[in-house]
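*Asks:* Residue strings, one per chain:
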Amino acid sequence: MQYITLDTETDFDGWRKAARSLVLHHVTPTDVTWTVQGGEAELFAPPAPSPILEVNDGTFNVSAKFVDLAQAAILHCDPERFAILYRLLFRLKDNHDLIEVATDPDVAQVTAMARAVHRDEHKMHAFVRFREIGRERAAHYVAWFEPEHHIVELAAPFFAKRFADMPWSILTPDLCAHWDGHALSFTPGVSKSEAPGEDRLEETWRRYYASIFNPARLKVKAMQTEMPKKYWRNLPEASIIKPLIEDAERMTGAMIAKAAADPHKPQKRPEAPMTRKPAADDLDALREEAAHCRACPLYKDATQTVFGEGPKDATIMLVGEQPGDKEDLVGHPFVGPAGQMLDRALEEAGVDRKTVYVTNAVKHFKFLPRGKIRLHQKPATPEIKACRQWYEREVSAIQPDLIVAMGATAAQSVFGKITPVGKTRGRLIDLPDGRKALVTVHPSYLLRLPGPEAKALEYQRFVEDLKIAAALQKKTPRAA
Amino acid sequence: MDVQRKLEILADAAKYDASCASSGTEQRDSSDGKGMGSTAPGMGICHSYAPDGRCISLLKVLLTNACNYDCLYCVNRASSNVPRARFTIDEVVKLTLDFYRRNYIEGLFLSSGIIRSPDYTMEQVVSVARKLREEHHFRGYIHLKTIPEADDALIAEAGKYADRLSINIEMPEETSLQQFAPEKDVRAIRRTMGRLRLKLDEAEDSRSAKTKAKPQRFAPAGQSTQMIVGADGANDHTILRTSANLYGSYRLRRVYYSAFSPIPDASRALPLRAPPLLREHRLYQADWLMRFYGFDVGEIVDDSAMLPLDIDPKLAWALRHRDRFPLDVNRASREELLRVPGFGTKAVERIIATRRATTIRLADLARLHVPRHKALPFIVLSDHRPAPHRLDAAGLIERFKPKATQLGFGF
Chain A
7 MQYITLDTET
17 DFDGWRKAAR
27 SLVLHHVTPT
37 DVTWTVQGGE
47 AELFAPPAPS
57 PILEVNDGTF
67 NVSAKFVDLA
77 QAAILHCDPE
87 RFAILYRLLF
97 RLKDNHDLIE
107 VATDPDVAQV
117 TAMARAVHRD
127 EHKMHAFVRF
137 REIGRERAAH
147 YVAWFEPEHH
157 IVELAAPFFA
167 KRFADMPWSI
177 LTPDLCAHWD
187 GHALSFTPGV
197 SKSEAPGEDR
207 LEETWRRYYA
217 SIFNPARLKV
227 KAMQTEMPKK
237 YWRNLPEASI
247 IKPLIEDAER
257 MTGAMIAKAA
267 ADPHKPQKRP
277 EAPMTRKPAA
287 DDLDALREEA
297 AHCRACPLYK
307 DATQTVFGEG
317 PKDATIMLVG
327 EQPGDKEDLV
337 GHPFVGPAGQ
347 MLDRALEEAG
357 VDRKTVYVTN
367 AVKHFKFLPR
377 GKIRLHQKPA
387 TPEIKACRQW
397 YEREVSAIQP
407 DLIVAMGATA
417 AQSVFGKITP
427 VGKTRGRLID
437 LPDGRKALVT
447 VHPSYLLRLP
457 GPEAKALEYQ
467 RFVEDLKIAA
477 ALQKKTPRAA
Chain B
91 MDVQRKLEIL
101 ADAAKYDASC
111 ASSGTEQRDS
121 SDGKGMGSTA
131 PGMGICHSYA
141 PDGRCISLLK
151 VLLTNACNYD
161 CLYCVNRASS
171 NVPRARFTID
181 EVVKLTLDFY
191 RRNYIEGLFL
201 SSGIIRSPDY
211 TMEQVVSVAR
221 KLREEHHFRG
231 YIHLKTIPEA
241 DDALIAEAGK
251 YADRLSINIE
261 MPEETSLQQF
271 APEKDVRAIR
281 RTMGRLRLKL
291 DEAEDSRSAK
301 TKAKPQRFAP
311 AGQSTQMIVG
321 ADGANDHTIL
331 RTSANLYGSY
341 RLRRVYYSAF
351 SPIPDASRAL
361 PLRAPPLLRE
371 HRLYQADWLM
381 RFYGFDVGEI
391 VDDSAMLPLD
401 IDPKLAWALR
411 HRDRFPLDVN
421 RASREELLRV
431 PGFGTKAVER
441 IIATRRATTI
451 RLADLARLHV
461 PRHKALPFIV
471 LSDHRPAPHR
481 LDAAGLIERF
491 KPKATQLGFG
501 F
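First to last, the protein sequences are chains A and B.
Going by the working numbering, the first residue of the first sequence is number 7, and it counts up by one from there.
Going by the working numbering, the first residue of the second sequence is number 91, and it counts up by one from there.
Treat the hints as calculated values from the structure; they're not laboratory data.
Hints may contain errors.
Said to hold, decoys possible - What follows is a list of derived Cβ distance ranges for each label pair: (1) Arg410/B x Glu86/A: 44 to 52 Å; (2) Asp100/A x Pro476/B: 34 to 42 Å; (3) Ala484/B x Ser69/A: 45 to 53 Å.
Quick reminder that beta carbons are idealized off the backbone N, C-alpha and C, glycines included.
Using the sequences provided together with the hints, build the complete structure.
*Replies:* Put into structure tokens, the structure is as follows:
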């Protein structure tokens with residue numbers, strides 16, 4: 007039998023050194039007894055602990071996961087923890103992957119211990135309540151806490167980083183932690199009577215606690231699961247929990263029973279928020295009207311109506327399919343990737359984007375939410391039809407000479423019927439009202455094409471189409 | 091009016107906001123010795139729990155409960171007879187710092203009734219955060235309520251100081267918002283959420299960009315929202331569809347569901363009824379299924395339907411899809427395992443790691459922290475196979491239902 011005595015309850019390094027040596031000497035777990043200096047004397051322990059066995063040349067590896075678990079589990083209050091950890095280590099030496107087997111009893115037990123320690127640490131971070139001693143500049147903050155496990159050294163750095171600018175002490179029966187503004191130090195545990203009795207802010211805190219609680223939603227069990235009663239005795243707000251619960255039902259009953267009072271007469275409002283400015287002209291009035299469009303269900307999920315934009319005297323009107331993700335958020339047409347593609351092609355064709363009116367056949371973004379993204383959906387005929395009134399009214403307001411339909415959806419809107427892009431593309435077509443129409447692809451089609459060659463080719467065709475528009479624009483300049 | 095009395099009024103006015111999180115932000119501390127505070131790594135810290143079961147993590151208050159609006163569901167509506175109060179900026183700053191020093195809170199969640207104008211109100215809210223951050227070098231958590239349609243510069247400043255920004259959608263459908271809050275404009279709310287997402291995206295891009303420029307800071311804990319459940323007639327399908335849309339459109343971190351709760355001095359237009367807390371709970375479960383378990387809204391609840399109250403939504407799904415079960419725990423894919431009733435994401439990870447080394451047996455379920463009674467009819471283990479007639483039995487659902495007693499709400 008090997009008798010190992012560790013320096014302290016949290017002596018991980020001592021345990022590690024002894025355990026490594028024991029494993030290398032093939033000492034089975036049943037042949038080791040672990041004690042802590044100054045702890046309860048082991049019944050059959052010899053007066054002096056066994057000397058640490060000399061380490062052989064051999065060495066062995068354990069996974070970092072075991073080291074993490076062991077460092078936490080060793081802080082558990084169970085006196086058996088050193089032996090349980092040694093048993094697991096002994097088995098890990100020959101079965102390295104055992105640590106991943108969550109169903110192994112030793113792994114499960116050590117994991118549970120580590121979890122209990124971390125939970126206690128977390129609760130210490132949460133439930134320590136500092137009380138101020140002295141005032142203002144010379145103030146020192148002192149807390150009394152009763153941890154379940156040996157976690158003071160583990161939990162203290164958190165407070166040092168958080169309350170770096172104030173001196174504090176956390177007193178516990180086990181160990182006390184102190185911060186002087188520069189360094190952490192530890193002293194032996196003390197009794198509760200050495201802790202300060204109250205703080206001037208505790209009454210304010212209790213009032214907050216009472217006010218933020220909604221008596222109509224009493225869920226005492228849920229509270230106790232997260233804030234077990236063992237912590238209550240050191241929480242200043244705990245003293246009012248019982249009266250709050252007792253009063254809750256009465257208050258809710260009274261609230262429901264009481265007939266609603268006459269409404270309070272609202273104060274005069276200096277300005278009604280969120281009112282819109284009156285429209286400056288026809289196009290602005292149209293834009294404002296379209297913002298409230300409910301002609302099809304697409305408005306429901308979209309952020310906003312994305313209306314057309316451009317100079318009122320534009321001779322060319324570009325019609326796209328529908329706003330995309332970015333357009334929907336920003337509220338302007340063609341600002342996303344397809345918009346950048348369009349800008350580039352327009353420039354190459356010799357058309358200044360500032361001189362054209364740009365809009366979409368459908369003014370709301372149609373999509374399917376998929377987790378964190380929105381999948382673009384092609385508008386259906388009823389939606390294109392429902393939205394066509396806006397297109398028609400835009401045409402009347404702008405009176406363009408040429409309408410460029412980009413993509414099938416746009417063509418359907420411009421011609422009032424399904425119009426294949428392939429057959430009509432790249433030539434001027436007379437519209438019944440005397441305007442010209444030009445059909446081409448939608449710039450997002452270019453983005454979707456696979457391979458740089460196809461992309462370059464199609465892009466060039468797109469630019470050629472736009473050059474037809476550019477030529478027309480130069481021929482019929484409009485007086486400003 | 092003294093600060094304590096103001097605190098009572100303005101905390102009471104804020105208690106209907108369900109959000110309490112202090113998690114998911116960047117890591118900060120004050121170990122450089124300048125200022126005070128830190129953010130908790132990983133999860134947030136709940137410093138206390140109220141008897142309503144909700145966590146108290148932040149000092150959650152309104153700057154003022156005076157409000158221009160007259161939203162029927164809101165205790166602070168213009169026509170309500172509740173007592174009114176208004177904090178000064180310095181009072182909120184001092185309370186936050188004083189509470190923080192005593193380790194009562196993780197930080198501040200500041201909201202406000204809308205007074206004068208959206209810009210004026212937003213400016214007041216931002217001032218508190220600015221003072222905490224710039225004058226007191228406060229490193230704790232700050233959550234600010236965004237006022238719809240506030241000026242872009244104010245929103246940008248709010249995001250510079252705050253960890254999280256939120257703006258409440260309030261109602262699952264536009265029609266109910268029009269009915270209950272005629273002055274609120276769901277379009278304005280959505281536009282503001284859209285602007286927040288654009289700024290969040292920009293900040294993210296600037297962090298990942300390989301330039302030496304200091305990354306732009308904007309609400310590292312993202313944005314969230316709240317929907318009131320049970321005040322209007324919207325069913326669970328509508329509510330979850332709205333959530334899915336909000337998650338996808340605006341990258342919300344969380345949608346909070348707040349069961350409509352009786353309020354003092356309620357408007358006569360509102361029904362007074364017990365809060366459907368269990369319904370709220372089921373909605374949160376369904377929300378988790380969407381965010382972490384790969385479920386679509388349509389799978390969780392079909393058109394026009396409500397989530398069952400007596401069993402959880404995943405179990406309800408499994409009972410509707412018995413043909414997919416039983417699943418062999420030692421062979422099934424991660425996606426399949428995530429659909430087994432009683433299997434949480436962590437249990438699934440443990441199962442996958444464990445089965446690489448060994449076979450999982452019946453006795454192992456407890457060590458995997460899986461509730462046996464819920465999972466057993468749906469799974470095959472090396473020493474367990476449910477009798478085929480059992481999975482098909484019409485009475486299987488009875489096994490999971492709570493014993494026939496009056497549904498209680500913990501009163």
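*Asks:* Let me make sure I understand: some of the numbered hints might not hold for this structure. Which ones are they, in numerical order?
*Replies:* Violated hints: none; all satisfied.
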